[in-house]
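Undergrad: Sequence:
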Amino acid sequence: MSLLSDLLNLNLSEETNDNKIIAEYIWIGGSGMDIRSKARTLPGPVSDPSKLPNWNYDGSSTGQARGDDSEAIFKDPFRRGNNILVMCDAYTPAGEPIPTNKRHSAAKIFSHPDVVVEEPWYGIEQEYTLLQKDTKWPVGWPTGGYPGAQGPYYCGVGADKAYGRDIVDAHYKACLYAGIDISGINGEVMPGQWEFQVGPTVGISSGDQIWVARYLLERIAEVVGVVVSFDPKPIPGDWNGAGAHTNYSTKSMRDDGGYEIIKKAIEKLKLKHKEHIAAYGEGNERRLTGKHETADINTFSWGVANRGASVRVGRDTEQNGKGYFEDRRPASNMDPYIVTSMIAETTILWKP
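Counting from 1 along the sequence shown, just add 99 to a position and that's the residue number in the working numbering.
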């Protein structure tokens, strides 16, 4: 095992006389939630995505057509050195975006002049659950049984409260190394469930960073034989679900008088509640029940410092008369390209 570890930790930039690097191409699989990747050798370091070669893959094995186009580069925390991770979107051989390529349409919205001038900021709170590989039961839970009731686990400390912290901390550091704007982590209300936050990020970068952060989490959990679940309600009953609360602001909202802009934006979200819910993740009806810090899926509501509302406005935003709001409806398995671009389109471009 020591030889294997030595090879895995080998720094090519220090141990070889050439400039070759490894680029790990990452894309979204046919389900719209599974993450795929494969690696290729490049002749030297690359920092500009446009300089990277496009690459084909076997679409029949991923439920897709084939063809990757590189869009964002991150440092590789596994191989290190000059090696990179490349977030891609996927196209058919004819150059058309495949159905799971939601980045393509999101990029059109974020490049609209009216959106660009507003410089939309996002902060996404990505919740997830760590599961035992063989039983698909949360880590730390007795096999086929249940731990004590919720209460001591949120931000809890101790072997009987925090399950999987080594994975969480390794992921935190890997994201920072990669160049992701990860801003924090915490244990969640249900034991075995955790959250990381990415942001503030601007426009399309939010989706890129969430997907790569998910990739890093899956890779780290893979090493220790743990399964990452983004199911919005992994355990039925009196247990909290998993969401991806999306904090959002525009330049107008952050400027003086922005609270009035925020209230107008929330009213637009109310008018398009059904459309947003339909795009906010599969199985969200099991989570948005009006219990466990959620609003009922069929009813739009908003309030100041109200964690049981569809949209929450922070007390500081109300007091300062400017700031941001939090859309609490997205499920943990949402596509960040869809959610971020849809919020921008509804609040900036749509004229009811």
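Since the hints were made in silico from the structure, they are not lab data. Given the structure is predicted, the values throughout are model-derived calculations rather than measurements. Check the hints yourself; a few may be wrong.
What the hints assert, rightly or not - Pairwise CB distance ranges, derived in the manner of DEER restraints:
#, residue 1, residue 2, range
1, ALA377, VAL216, 27 to 37 Å
2, GLU417, GLU195, 25 to 35 Å
3, TYR253, LEU102, 49 to 59 Å
4, SER130, GLU195, 13 to 23 Å
5, ALA377, SER400, 11 to 21 Å
6, ASN110, ALA404, 41 to 51 Å
7, GLU417, PRO335, 29 to 39 Å
8, PRO212, ASP259, 18 to 28 Å
9, GLY324, GLY131, 47 to 57 Å
10, GLU195, GLN249, 38 to 48 Å
11, LEU109, LYS369, 47 to 57 Å
12, ALA404, SER130, 13 to 23 Å
13, GLY243, ASN155, 15 to 25 Å
Cβ coordinates follow ideal geometry from the N, Cα and C atoms, glycine included.
Undergrad: Check each numbered hint against the structure and report the violated ones by number, ascending.
TA: 2, 3, 8, 9, 12, 13
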